[in-house]
Amino acid sequence: MSVKKFVTGCFYDEAVLFPAVKKTRRAGYKIHDVFTPFPIHGLDKAMGLRDTSLHTAGFIYGITGTATAVGFITWALTIDWKLNFGGKPFFALPAWIPITFELTVLFAAVGMVLTFCYLCQLAPFVKKDHFNPRSTDDTFVMALECTDKTNEAEAMSFLQSIGATNVQVQYKETGWWLGRYDKDTKRFEKKAEVEAAH
Amino acid sequence: MSLLRYESQVRPPLVDGDKDYHQVTEDICRPVEAKPSKLWWIGFLISVALLIFGIISVTMEVIYGTGQWNLNKTVGWGWDITNFVWWVGIGHAGTLISAILLLFRQGWRTGVNRAAEAMTIFAVMCAGQFPIWHMGRVWNAFFVLPYPNTRGPLWVNFNSPLLWDVFAISTYFTVSLLFWYSGLLPDLATLRDRAKKKWAKMFYGVAAFGWTGSTKHWQRHEALSLVLAGLSTPLVLSVHTIVSFDFATSVVPGWHTTIFPPYFVAGAIFSGFAMVQTLLVVTRKVLGLEDYITIEHIEVMNKVIVLTGSIVGIAYLTELFMAWYSAVEYENFAFFENRLNLNSPYGWSYWLMMGCNVLSPQIFWFRKMRRNLFVTFFMSILVNIGMWFERFVIIVTSVYRDYLPSAWSTYYTPTIWEVGFYLGTFGLFFTCYFLFSKFFPVIAIAEIKHILKRSGENYKEKMEDIEKKDTEGFAHEQEHDH
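Residue numbers (the numbering used here), protein chains in the order written: chain A, 1 to 198; chain B, 1 to 482.
One should not assume that every hint holds.
[Unchecked claim] No more than 35 Å apart at the CA atoms, straight line, and that leaves these computed lysine-lysine pairs for DSBU-like: (1) B:Lys-216 to A:Lys-4; (2) B:Lys-201 to B:Lys-19; (3) B:Lys-198 to A:Lys-183.
[As the list claims (entries may be wrong)] Estimated spans, in silico, between C-beta atoms of each pair: (4) A:Gly-86 to B:Tyr-325: 26 to 36 Å; (5) A:Trp-75 to B:Val-48: 39 to 49 Å; (6) A:Lys-183 to B:Gln-106: 35 to 45 Å; (7) A:Leu-114 to B:Asn-343: 50 to 60 Å; (8) A:Pro-89 to B:Phe-142: 27 to 37 Å; (9) B:Val-48 to A:Lys-183: 30 to 40 Å.
Worth flagging that the hints you see were computed from the coordinates, not collected in a lab. Model, not experiment: these values are computed from the prediction. The beta-carbon is built from N, C-alpha and C at its ideal position, and this holds for glycine as well.
Whole structure, please, built from the sequences with the hints as guidance.
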């Protein structure tokens, strides 16, 4: 969690955004993120993000569910308290398939959603800084992170040259904090310091 | 892959009108941000009134016990479980649209999936009421869960279909809710960022979990949706399969049939789509969303209705054939005497079911009828009545005249409290739906934007090509003729 300096630009068309992302990376700028109102297939690849391993996590949660169900039912019905249901064997595996399946799905789904929320840092009352409120409407917002070596003016004119509009320098908090969106719980205590440093 | 993905050359765009992304946001957010209309208030208050009636009915049942209902020695499940199966079935269409059609890459689902998923959740909530209150001593409802207790611990019977149901329904509800809400997050963020009023900023701010639309988050979101769809697909099939096991694993004539799982699942999708039609034909009109839920959507869903209705019809006939072919006198009696015979006490319900579920949907073989909103609405009500009677026929006619003719005298009719309980779940369902349509976007905004351009431009490109070719060909022919 720290306030950083960014150069941001807005795009309105995927056809402009894609080449722009490639050019930006080729020019050596560090793309902090691109905020889009809907998922754009291939943008993650263009930005050089690695694939998510959420699937793997889901698989692990799923087999945990399977093991929990089979293990628990076996223990309960064959070791802890044997009950004779219609003369059938105590270890009645076929009859346990439905519950085993349901628990597999339940564990995988709940686990994946919680992992997703954790990875993306999503939760009720979590507040994050926005670069542009229109990025959830119709605007693709690209944010370049400014390091010590970055020449602001150059970055801005570069963004304009690749088709970005409304190019700005913004100081934004990169982490999250607890707060509500109807109240201005501000995180810019260090704004002056950041500005002074640059 | 491309071989498997055939796209019709003349597929019309999924969203009507030449819209840009901002217009989509405006259109879908308008009903959420505007004050509710008079019509909304009337509908909402009627629903709340029904809900209150339901609460009174349930209170009567809790105070005086299940004796408040007209269940008797052989008809032990009556309206209660009929309603349970009916509501669970209705829920299935939502998951079919959101999960199975996602895996099949059916672009049209984006227009209707949000509302259908919401319908699923509310329908499962309604369904869950019935087994819970049917327990009578509802304060002991937690006995169905396997928890360490002071009775041994005496565990629940994991071999029983009734316990499978507990796990199936609760898993189904949880997974549907997670799927629905994770899809809602980006749209709630859209509403949050547009909010002008204080309460709206707070409400959507909290509800959107701090969603920003970061590319990495979208990538994970896509992965999550796909896996949840993959999990929900077998889940939805398993849920109604397990509901059908409640009957099929017994040895009661009329219940003891191996065809039940697929037949129940087809029936569930059938009735669910009918309920989706009932809701959406009205919703699109009242909220002015005709450009998003187009006649094309209505038509496609009517096709699903005629398909699943016919599957259900074949299942009915198969049951009759198997009863006859088995040459078991009890099976024969259950099917040909208790059901098919119009002069038997409940014969009317069997023929009502046949008429509503098998005969009437055949009207949708005609394109004009599929695209007619009045016909669609009327049919959707008819199908839901038919599907309710299907469950009634299965549950009541199989047991009201059983092996002991001395127990035959009673003709099961519900009491006012049984009916009130059922109406109460309508109240619950529609109260939830009205609140949903007021406070949440009824169409998945982000998903619509995702398909907006693709579907539109594809169409234009292909259509232009076809139009050009046809005109040229036509001109060519003309030249040679003369």
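Hints versus structure:
no. : hint                               : result
1   : B:Lys-216 to A:Lys-4               : holds, 19 Å
2   : B:Lys-201 to B:Lys-19              : holds, 27 Å
3   : B:Lys-198 to A:Lys-183             : holds, 9 Å
4   : A:Gly-86 to B:Tyr-325: 26 to 36 Å  : holds, 28 Å
5   : A:Trp-75 to B:Val-48: 39 to 49 Å   : holds, 47 Å
6   : A:Lys-183 to B:Gln-106: 35 to 45 Å : holds, 43 Å
7   : A:Leu-114 to B:Asn-343: 50 to 60 Å : holds, 59 Å
8   : A:Pro-89 to B:Phe-142: 27 to 37 Å  : holds, 29 Å
9   : B:Val-48 to A:Lys-183: 30 to 40 Å  : holds, 32 Å
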